[in-house]
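Student: Quick note, the sequences are listed as chains A and B, same order. Counting from 1, position 233 in the first sequence corresponds to residue 233 in my numbering; the numbering is continuous, with no gaps. Counting from 1, position 61 in the second sequence corresponds to residue 61 in my numbering; the numbering is continuous, with no gaps.
In case anyone wonders, no lab produced these hints; they're calculated from the structure. Just so we're clear, the structure is a prediction, and the values are computed from it rather than from any experiment. Be a bit skeptical, because a hint or two may be false.
[Stated by the list, open to error] EDC-like cross-link-like pairs, simulated, lysine to aspartate or glutamate; straight-line CA separation at most 20 Å:
1. K56(B) with D175(A)
2. K615(A) with D395(A)
3. K195(A) with E50(B)
4. K212(A) with D164(A)
5. K56(B) with D164(A)
6. K56(B) with E166(A)
7. K237(B) with E227(B)
8. K56(B) with D572(A)
[What the hints assert, rightly or not] Simulated restraints on C-beta separations:
9. M192(B) with R371(A): 46 to 56 Å
10. D401(A) with L30(B): 45 to 55 Å
11. E178(B) with D65(A): 27 to 37 Å
12. A188(B) with D257(A): 33 to 43 Å
13. E50(B) with E602(A): 19 to 29 Å
14. W197(B) with L300(A): 16 to 26 Å
15. G147(A) with T78(B): 50 to 60 Å
16. E216(A) with D71(B): 56 to 66 Å
17. A188(B) with E514(A): 49 to 59 Å
18. P402(A) with S145(B): 55 to 65 Å
19. D401(A) with W153(B): 42 to 52 Å
Where a beta carbon is used, it is the ideal one built from N, C-alpha and C, also for glycine.
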Amino acid sequence: MPGRETNRGKLDTDRRRFLMGTGAGALAVGMAGCTGGDDDETDTPTGESTPTETATPEPVDEGEDVPRGGTLTVGLSQPPKGLNPLSTSSSYSWMILDHFMSYGTALDPVTYEVQPSAYADWTVENVESGEPDIYFNVREGLTFTDGEDFGIDDVLFSYNYIMDQEPGRYLSTVDPISEASEADNDWDVHLSMEKPIGTWDSSQLQLPLLPKHRWESVDSFEQKTPGEDGELVGLGWAADLSQFESDTSAAVNLRNDGEYPLTNLQWIEDHDNLRSGGPFLDTIQFRFYQSEATMNQDLLDGALDTYYGSVSVSQIDQVREDNRIGLVQGQDDGISYFAYNLRRTPFDDILFRQALNMLWDEIYWTQRLQRDLVHDGDFVLPPGYAAIRPETHADADLLTDPATDAYNFREDSPGVPSYEGIRSFLENGTPITGESGTFVGQDYPGALQDVSASVNEPLHDYSFGEVKSDVLKEEGVDKELYVNGQTIPEILGRPVTYLMYPPETSPELTQADENWSQNMIQLGIPVEREVQTFNSLIGRVYAQEDFDLYHMGWSNMSAFGTSTLYGLFHSDNADDHREEQTDTLLNNPMGYGVFDYAGDDERISSARTEMDSEKRNSMVAQSLEKIYLDSPYMVFGYDKVQWPANTTDFAGFLQGIAAPGSSNLSSHFYNVHQQE
Amino acid sequence: MTRISAKYLAQRLIISYLTILVIMTLLFVLLHSMPGSFIQTMQSPDMTGEQIERLKEQWGLNEPLWKQYVDFMVNYQTGEFGWSPHWNVPVWNLIERRLPRTVILFGATTITGFMIGPLVGMYLGWWRGTKRDRSIFTGGLIAYSLPSFWIAWLFIWLFSFELDLLPAKYMRTQFPQEVYGTGFEWTAMMAMRDVLWHLALPLLSLTAIGWVGSMLIMRTVMQNVTEQDYVFLARAKGLSERKVMIKHAARNALIPVATGAIVGIAFILDGAVVIENVFNYPGMGNLILDSVLNNDHPTTQAVFFMLAVLLVICRIIQDIAYTYLDPRIKFGEEES
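Produce the entire structure from the sequences given, and follow the hints as far as they go.
Tutor: See below:
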């Protein structure tokens, strides 16, 4: 699936697009208390042919009962950034493009299984050779939105065009394909791969399918500006783009009953909460805004039926009071986290990082500042992607199993950390490595899976003594932390520097930052906070890796663990300062995997090329737990997504799925219908 | 009639051209000294180093810096502003689309402000020291000190939310069929009326502050002018007070106001950044903000370049205008 932005304000957008579909069909299981989870998990074992639906199915009865017609008006807090499917990665663009784009395979929005779409079935052979062959059949009877027939020629054209043009957005997807040709066996199309890609069915089979008759005369993909030049044609459920003013609004007319057979597929029909036979609406209108406040006001004023994103803490009361609007509950598809620079002492030490984690007051954050609209965080992939979370592989309760609470706030009394306990934890030198035990007064049952931290001994000796640092003296602290006999300013030449956003961009997070840094100071760690704008922060962190610890607010994560883990935690994506410091922006600024004392390169690499989805998901889950124990990140929250929608006039919203109002908003466009 | 010599004009144009080259160089240096690169917005986490290099190659970022600089200087001077990585369209398309909107809003504001300000300034300067002068002058100063976005919010709250009289966003009705019924088609007159209706609130907000600047200049100059000999002479000729004020005093006092207005045009983009964001108005101000926040260097570069060129051109026009408005000023003539 295409990369998506988030809608958590401009700071979070455009930066961490981890929904690039290069992963496998992870099976997300609905969380307890939420609807939408599908109990009938039907994983698709890779390497075998998928269930075949070669013919286009007839419309099913289900859709016939659903009222048809109506216009849904959706707000986008930013205008789309072009409508060229080969170049734009803006989620705001894809909100419109999704209507025109169906892929070879589809991701089930509820279970995250890979399901048939424009390709009826597929298989992979010769995996052992290291150069697998992918075969698939192209579904018959489909038409593009301009009424022209879709066929094998279009598929071959699309692959070869994208391989030839190499648009940056799809570079990593087409790079492993050496050839796309008509198959010389019973299959329609043959993709020759240069190397195994574990998530091939959701990456190589999800390239945009371009209408050959519209694109074959386009010499360079960048020249094409669909929407701007009045034409946007694809394979989706849209009929046409009836209005497009790139800075203010757009309107998409949808196909009539039975004109879009891909919502009549068996997997959709089998779902309790997906409607087959859609789309049911006549038109989807989009209004583009420059600010979320204005957009929210328009929702309350009735000018919008819903918007891209979810309701923030500051707006939720107003939305709850509005009788027209209902809140669709969903799971987060991202995480809020801090990251440590593993190149620097004492952040290179697991024990020190774990001690810092224990000073984070999650009760203050989740209940007081976020009014219980967030879950306390743990693993680096959110609960929305449950199939690859460790709890799922250990038959444990999602988010609440004690093994997910290893770094709970250790407090003596509400809000007051157990300073003596954490000091002893540092002085005793026994980190949480996956073995069961009692750590700072709390029992840890041991790792959920057969994994342990990268090291079981601390790298440094810790003690507490006379206060030398000015920061601590000013705060009247009685003890200072010594690492191998030196204070931190003696090691770093300055106090620990904590990079943070300007307070106005996230007042609640700033309060939490203040609380955490105060806890560190009171423990005996001299800390100074340094405010950075987002762009400066990007440079300091990702280009120069010049930081001790930083937070990036909220980041969108891929449903496919392999790409997230490789992108964020593999040494391939870290600048190894021991050899050379480059200014290349790499996604692993912590340096996880670069050093012997923290990394999981081997397992992450194996998972990437593992073509059996069950094994792959298990490997991802193990990596997640190992990363949790190693703590290069401290994940401090997952949002309890509350997506506002006009439930008075419309129905068919999908409850309980990951990111219902953002990454999965498009799924609603063919499910939502007028109330009966 | 010409009070500016061809030689002076030629010199002025050459200096202006060189100024633009210096500004372009500074722009290039500033944007290239920012950490990171705009291709980060196109990177996906699973891209290999080789793939990232290929991406850089596609955007010409692997070329030596001097070559990038030469390309930039040549391209800009031939009107080639490149491609926006953020908006995925040629940068010129963005400017072409957005500039007229900003010109309409801020042009209207400038005209309104410079119609009201000098008129009020004329009266206050003429009747300086009176109770009316003091109260309007103080009120104007207070308005001048208020942030434009705050006034804008206040007006949005009052005229849009409370009274529901005026729209607070966009430049025209987005889905007219919803408002005017199915099958609605725009006519030129309706479109104009709709645009004016949408412009009313931002225009009101901007004018509430915008008139004060020219009023202050006019008031001060008027006071000086009232003590000039030609004003005494006009009075001595028995002309009415109103005629002396308007025809003899105000006409001369207008010179600094008019030249100030010319340079004021160049600062249109400056004010647009805040107000366009408040009113969801898709103009150049929003484009600047978006391109800066999203590391869209080609667009940022082009917008600031245009701003610089506009300023330089306005300065030349200002010099020329001076010579026409004030017969005492001559540029480039030999001293006798």
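Student: Just pull the numbers of the violated hints for me, sorted ascending.
Tutor: Violated hints (numbers, rising): 15, 16; every other hint is consistent with the structure.
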